[in-house]
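Number of protein chains: 8
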Amino acid sequence: MSKETKSKMIGIFGWKTSEASYGVTIPYLQYAGQFGDVKILGIDEAINPDLDLLIVPGGSDIDPGRYKAVPDYYTSKSDPIKEYQDTIVLPQYIDMGIPIFGICRGMQTLAVHFGATLIQNMYHETNEHDRDELIHDIDIIKEGFSIHEKISVNSLHHQCVSYIDFPDCLEVVGVYISKKKNDKKYHNSIEVIKHRELPIWGVQYHPEELSYDPLGDKIINELLNYKEVYA
Amino acid sequence: MSKETKSKMIGIFGWKTSEASYGVTIPYLQYAGQFGDVKILGIDEAINPDLDLLIVPGGSDIDPGRYKAVPDYYTSKSDPIKEYQDTIVLPQYIDMGIPIFGICRGMQTLAVHFGATLIQNMYHETNEHDRDELIHDIDIIKEGFSIHEKISVNSLHHQCVSYIDFPDCLEVVGVYISKKKNDKKYHNSIEVIKHRELPIWGVQYHPEELSYDPLGDKIINELLNYKEVYA
Amino acid sequence: MSKETKSKMIGIFGWKTSEASYGVTIPYLQYAGQFGDVKILGIDEAINPDLDLLIVPGGSDIDPGRYKAVPDYYTSKSDPIKEYQDTIVLPQYIDMGIPIFGICRGMQTLAVHFGATLIQNMYHETNEHDRDELIHDIDIIKEGFSIHEKISVNSLHHQCVSYIDFPDCLEVVGVYISKKKNDKKYHNSIEVIKHRELPIWGVQYHPEELSYDPLGDKIINELLNYKEVYA
Amino acid sequence: MSKETKSKMIGIFGWKTSEASYGVTIPYLQYAGQFGDVKILGIDEAINPDLDLLIVPGGSDIDPGRYKAVPDYYTSKSDPIKEYQDTIVLPQYIDMGIPIFGICRGMQTLAVHFGATLIQNMYHETNEHDRDELIHDIDIIKEGFSIHEKISVNSLHHQCVSYIDFPDCLEVVGVYISKKKNDKKYHNSIEVIKHRELPIWGVQYHPEELSYDPLGDKIINELLNYKEVYA
Amino acid sequence: MSKETKSKMIGIFGWKTSEASYGVTIPYLQYAGQFGDVKILGIDEAINPDLDLLIVPGGSDIDPGRYKAVPDYYTSKSDPIKEYQDTIVLPQYIDMGIPIFGICRGMQTLAVHFGATLIQNMYHETNEHDRDELIHDIDIIKEGFSIHEKISVNSLHHQCVSYIDFPDCLEVVGVYISKKKNDKKYHNSIEVIKHRELPIWGVQYHPEELSYDPLGDKIINELLNYKEVYA
Amino acid sequence: MSKETKSKMIGIFGWKTSEASYGVTIPYLQYAGQFGDVKILGIDEAINPDLDLLIVPGGSDIDPGRYKAVPDYYTSKSDPIKEYQDTIVLPQYIDMGIPIFGICRGMQTLAVHFGATLIQNMYHETNEHDRDELIHDIDIIKEGFSIHEKISVNSLHHQCVSYIDFPDCLEVVGVYISKKKNDKKYHNSIEVIKHRELPIWGVQYHPEELSYDPLGDKIINELLNYKEVYA
Amino acid sequence: MSKETKSKMIGIFGWKTSEASYGVTIPYLQYAGQFGDVKILGIDEAINPDLDLLIVPGGSDIDPGRYKAVPDYYTSKSDPIKEYQDTIVLPQYIDMGIPIFGICRGMQTLAVHFGATLIQNMYHETNEHDRDELIHDIDIIKEGFSIHEKISVNSLHHQCVSYIDFPDCLEVVGVYISKKKNDKKYHNSIEVIKHRELPIWGVQYHPEELSYDPLGDKIINELLNYKEVYA
Amino acid sequence: MSKETKSKMIGIFGWKTSEASYGVTIPYLQYAGQFGDVKILGIDEAINPDLDLLIVPGGSDIDPGRYKAVPDYYTSKSDPIKEYQDTIVLPQYIDMGIPIFGICRGMQTLAVHFGATLIQNMYHETNEHDRDELIHDIDIIKEGFSIHEKISVNSLHHQCVSYIDFPDCLEVVGVYISKKKNDKKYHNSIEVIKHRELPIWGVQYHPEELSYDPLGDKIINELLNYKEVYA
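Top to bottom, those sequences are chains A, B, C, D, E, F, G and H.
Numbered by the numbering used here, the letters in the first sequence go through residues 1 to 231 in order.
Numbered by the numbering used here, the letters in the second sequence go through residues 232 to 462 in order.
Numbered by the numbering used here, the letters in the third sequence go through residues 463 to 693 in order.
Numbered by the numbering used here, the letters in the fourth sequence go through residues 694 to 924 in order.
Numbered by the numbering used here, the letters in the fifth sequence go through residues 925 to 1155 in order.
Numbered by the numbering used here, the letters in the sixth sequence go through residues 1156 to 1386 in order.
Numbered by the numbering used here, the letters in the seventh sequence go through residues 1387 to 1617 in order.
Numbered by the numbering used here, the letters in the eighth sequence go through residues 1618 to 1848 in order.
Hints are computed from structural coordinates only; laboratory data are not their basis.
A couple of the hints might just be wrong.
[Claimed, not checked] For lysine-lysine, the following BS3-like pairs were computed, each having C-alpha atoms within a straight-line distance of at most 27 Å:
no.	chain 1	residue 1	chain 2	residue 2
1	B	K308	A	K68
2	D	K701	E	K932
3	F	K1232	G	K1454
4	C	K530	D	K761
5	F	K1223	A	K8
6	D	K770	C	K539
7	E	K992	H	K1685
8	H	K1694	E	K1001
9	A	K77	B	K299
10	H	K1694	E	K992
11	H	K1625	G	K1394
12	G	K1394	F	K1223
13	G	K1454	F	K1223
14	F	K1232	G	K1463
15	C	K530	D	K770
From just these sequences and the hints, can you work out the full model?
Written as structure tokens, this is what we have:
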């Protein structure tokens, strides 16, 4: 891909990738790099109004205090840098109307920002073997948003956005299709969301780890064109 | 120590001592067990009004969002169970007037509860060798609180309570005495605090790891007798 | 589950969950927490007559000296804290008539208390591959104790209660159903026992690791209601 | 050393030297091999009346139930093979009058056999740095048992025989000489014992790890000659 | 098995089971213990003429210098203790007519003693996946030595006795039956040998790891009865 | 430090900080962050003419082929990303006149760019103990460049710029002061260089790891002010 | 194989097989040793005109700077010793007309020498599971070079020679036959090459790891006979 | 060092430097490379009559069977490749009169070749702390062989050549000078030997690890000139 065609500027929140380094993991760089020039954002970097897209990446579990819940035994420790980005930096980008794409924890934090709560541990049994299959299908339930191919995605999370108190300003676009019969627990769990008015999308799966993902491509292209169309 | 003399009931917040277990570390059990019967408190256990003392133990760094700070690169991840105990459970015990003893992070969370802020990383240089000596002395600066022996304590923390915005309702009882000449950075750092009116004390060091600590003994005995004297 | 409905108090023997910590593993807390408020019992804590149920959890092998046997090469080291609880504390709870539920080693120690012996190593061959399947079925052989669903349980033990010298005061409620043809060694091995008169049950499997276990639920509910019915 | 002069037969209790092997550690073989032919004894091997000496080697902590104590948090798990040898096999050798030399745990088990109790944890503080020095001196306090050289030994134990309830049939031959001033805790702790009538000795240190130990040599030679002199 | 019936005395060469211990692995003790009292033999222990059977166990590869071969790249380092037992001690037992049973390397060393050579590396390709199956069948090719059950054994070796220069005083009793079609390399490889005149047998497989091995039982019983029949 | 005063923009080459992540290590972020806003540069990011300073950080050894040398046995593997930045990206920044500060390998690559060669292994003996002390002094040998304090720096490198073929366009500003008498090998080794005309400096030590470094501060401030003064 | 018949001399470039040793891996020695006497070549050893064959073995990725490419995130660090051999030593052997056989990276470096470029990462997705099967088939596409058996080879590389800019002086002899339907990415990837005029061959697979490889045998025999036929 | 001056050819026995590689360690290559061109010799490579020097390097302990000793518990396993080189290849080089330099185990194997025996374990106590200092001095005791500098060498061995049965054809040139008073055990232990007539030297220390060793230089130069002077 020649640089000339990379007219879009995409920001991605950086994080501590190890005890002593700060940056992002390479799959995010490769994925976002297909769509534009990628900027790794510092913890407290000044808000950049020129971004065409902000990617909010995955990470450790969200502090359950943010949605007023008693912590589950298996909720992981929370990353103070991500909590800061989520609660101090992200709202400023939302207020500015910058298009935003949340991935996994990124989708969850967007949902919590708008009032959602999370199911902290979808699998409360320690040794259960029938976990969410790594590769599963998604059902697009939003009308008018057609993808003409079957969408198979991956899944590495143990938390998900809850239907309880799901905020009105968001809508569920895609849900998990469980292969198991009568799977009341996981079937229809929330996999893709969008804001009803703002240029904000979120997916529970990891598009940056997939070799073929028409849904992610469609979302990013729509978000990248948002400014031109609406601004 | 015979059971008959153990008339006092001491509660201590439990935590995840490993990925799959909940309880407390043994030095806390041995230390508190010298003064009474010890109860390990569950995450969301009902408030116990019969406690003669609540011990708030050490742990990973406090979420800097609680004192409105940008997270430092070296601030550790925060434990959601401890954050819940600190922000939801602990205030109820404070309101009930139960005597409370905070150790290390426990002292810090009490200070933050009353409005203090923390210095997130006392040693911002990576390879600095002149860290807080493990064994150091404390200077008791509060009048009328005499200990007739030199107090040597231990220290394992990299955060401490700041003098900036130190709340009026607390007072500094003891400070760190640096052995280094002209040590402006660490000398006089806050090591022992107490509430001016409530039966609440905190120490930055770890009395449960010491074989001889007259200061800790004095504090615990004073707190254990509080109910008899004042209530 | 709201706290108001948790009227039952359940004690569980704590143990050293690591070299330096004391408590219980989280699956026990989650499992018992479904039925009432859970108290972690200290090594030498005073007998609590208010318990509605005492859970005796699993652990390392029982000292074979307790049932007068030469130790097998593969019998593990014995935990002095558990041996103390088994031989000094547990008999006091039995004498008081507190309902007791023994799990895995907990069932074995109850059996040994009443005079049973153990088969120390069900699999004396080192490399044998046809070990007890992790998931197997149980056959309820006691009349009048019907469970209308097939009971599939798990199994992690290498010792079991022996039919030889099996005490009269106990009865075998459930046995292992081997899937292997003509399996004389494991078929019918003892999986569930109860005392003929006292409110004491034991299971060889681990209900706290299962997501669905109607047998364990039935036993615990029966034990929790024991006091109301009989006392 | 030629085989012809090895007229003495020395037995030593074997143990599980790893998860899957049985034998003894090499220093014991080298040490005992200086004085005679060494036989590794099996768990349940028939009592051998021809032994000139039985060595009871070191190992993990003795089950505190044997001397009626509540287990300390830091008492290690107990080895069922050693407990069996101590309580079933060793008494038969004592009854037969076979000379016996107990080393470290071996001395402790002999003392417990005759009614002694142990201090379970000489160092109850976790981080104490002034532990028993690895190399220390012994003071021979028994009259008439002179060694004309200073005795420096090693020490790896955290338990020791207590003066409380020390049995009358034993006598203390040597004690620890602490180098620390006013060391009330460790000074005079019991390091060497003997039976007043039977050919039984025990040392708390490890002679098999020393390159020069006149005390151990003297004890073994006295025990090896016992049969010739008295029988 | 009661001790009274254990009239046979079985010796087994000990070895360094770890860097610092000497003995044998437990499967050998369990296996041999079924047939008699087991004695672990020291490196340089005096020849014991009372043994009813000497077991020569497995171990690392034989020094190829003993059969005048250039070492293969994958021949392991040789154990000087085993080489000493093989070349200095074993010949004395052979000369005394003590029945001997060699297992794996033990069979190989007996063969080399009588003049055989070894194939040093049956699998000279590094990544070959079609190695000797762990469980395979044996064909008894010696007339008059019938076992009425199919013999399935295990195999962990990468060296084997060669047909080239196979000594006349030995005979091949059993061979490997390869399951692969036209397997010229492994089919018929030597699995069981016996001496034509002396009470000496060897098997390439590991009977001490099997739960059912009628061939091994038959060999040991024949060897244990040898003295009574012939001596 | 408030953001308002951070008017300078500092770029730093990013690198693979682990197998799967890209960014920089935290000490560089903290160090450079004291002087301005820090941008992590991507591998093939477009040249940014607005940088006030480019920092070229440390890393694995430079490919000796770049200075036409036979590789030494101890020269490490070379990082293709850094080689690309050094040979393709860095020359463009040099040509644009952007101020540049090279640290450790960064200084070496600048020197090689202008024609220098490196001593590949200052310590060719494997076990030599008298390596460059971690903390040593620097002697400023350039006239007119005075620092009024003794400069003590750190050192972690095993390669250094050679005096042989040292390019005329550079000058040596500081050298290593060996504490060893008659140390011909290390004494006066090149520690600080600058370009005679361009705003380019390099230091062999690691200022980002020091808590006090007036030399580094002076260099960076001079470079940051270069544009204002000269451009 | 007797030494007398080993008339051919085969050189193989050595490398650092660990941090502190230099040589070659054993499969190369075993493989080449079947065809002649093998000499391990030193880094800077004088060119040996008597070699009948030079083997250029595998190793870490080639420095992408050699074929003017931006490094991929997953291109490994480059080995300076191999880069030196490839760019300084190998061309001298090519110029002298010594027959050369390149294996894996060895084939790649030969191709790059003659002007080819590499695909740096055939699998740009991180978690893709359908990687090149370890064992696959090759299709010989060059006329007149018949092998009458199906050729199954192994594959461990993640880079390959590109058809883009493939040099005219080389020709593709064999290609990868993908088992997957419509596999546009891997099908027909270059697996075997030869020079049109010089005695130079290269294979992407590892013949030294195969137990049966008629293609490799054919190539080596042709190269070894080259001198006799043409020189 | 230019190649032109490297007229001497030095062979060194290769060995398995890891489980899967063959060669030599780099310090030997660097050391020998100072004196000539180095050839790594294969296991069974044809004897090379053109060598100016053969270096016999260090390694694991010699098989004690070669000097008719019972193996010590701490004698390591023996390397069959080195044993082959020592007993089959080395004698041929000795017979041909090629100059030979043995280092550490290399000196020991030369001594054993000529009839010497080894002390298998100089330190029979497990925990002894006063081991041979890593750096010690050597005393040259042979007249007429003067080195005008103090010789300080290193030492990593636990075996040494014995004075008992020391062969007449060898002479002791240098001995260990113990720094300890009255050190009867180590003082005067054999450190340097030479053959009285053949060009054969051996040193117990490791010259290839030293940065300055006039003794090793003198020996190698004398051996390298041997052919010119005597042949």
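Hint-by-hint comparison with the structure:
As the CA atoms of K308 (chain B) and K68 (chain A) are separated by approximately 19 Å, the hinted pair is consistent with the 27 Å bound. This hinted pair checks out: K701 (chain D) and K932 (chain E) have alpha carbons roughly 25 Å apart, not beyond 27 Å. A threshold of 27 Å between alpha carbons decides the hint, and for K1232 (chain F) with K1454 (chain G) the separation of about 19 Å falls inside it, so the pair holds. This hinted pair checks out: K530 (chain C) and K761 (chain D) have alpha carbons roughly 19 Å apart, not beyond 27 Å.
In summary, the hint linking K1223 (chain F) to K8 (chain A) is not supported, as the alpha carbons are separated by about 41 Å, beyond the 27 Å threshold. For the proposed pair K770 (chain D) and K539 (chain C), the alpha carbon gap of about 6 Å is at most 27 Å, so the pair holds. For a cut-off of 27 Å, the pair hint linking K992 (chain E) to K1685 (chain H) stands: about 19 Å separates their Cα positions. At roughly 6 Å between alpha-carbon atoms, K1694 (chain H) and K1001 (chain E) fall within 27 Å of each other, so this suggested pair holds.
A C-alpha spacing of about 19 Å is found between K77 (chain A) and K299 (chain B), which places the hinted pair at or below 27 Å, so the restraint holds. With a CA separation close to 19 Å, the supplied pair K1694 (chain H) and K992 (chain E) stays within the 27 Å bound. Of the supplied pair hints, the one linking K1625 (chain H) and K1394 (chain G) holds, its CA atoms being roughly 25 Å apart against a limit of 27 Å. About 34 Å separates the Cα atoms of K1394 (chain G) and K1223 (chain F), which puts this hinted pair outside 27 Å; it is violated.
Between K1454 (chain G) and K1223 (chain F) the alpha-carbon distance is near 19 Å, which keeps this suggested pair within the 27 Å criterion. Simply put, K1232 (chain F) and K1463 (chain G) have alpha-carbon atoms about 6 Å apart, close enough for the 27 Å limit, and the pair holds. For the given pair, K530 (chain C) sits about 19 Å from K770 (chain D) by alpha-carbon distance, which is consistent with the 27 Å threshold.
Of the numbered hints given earlier, the model fails hints 5, 12; all others are met.
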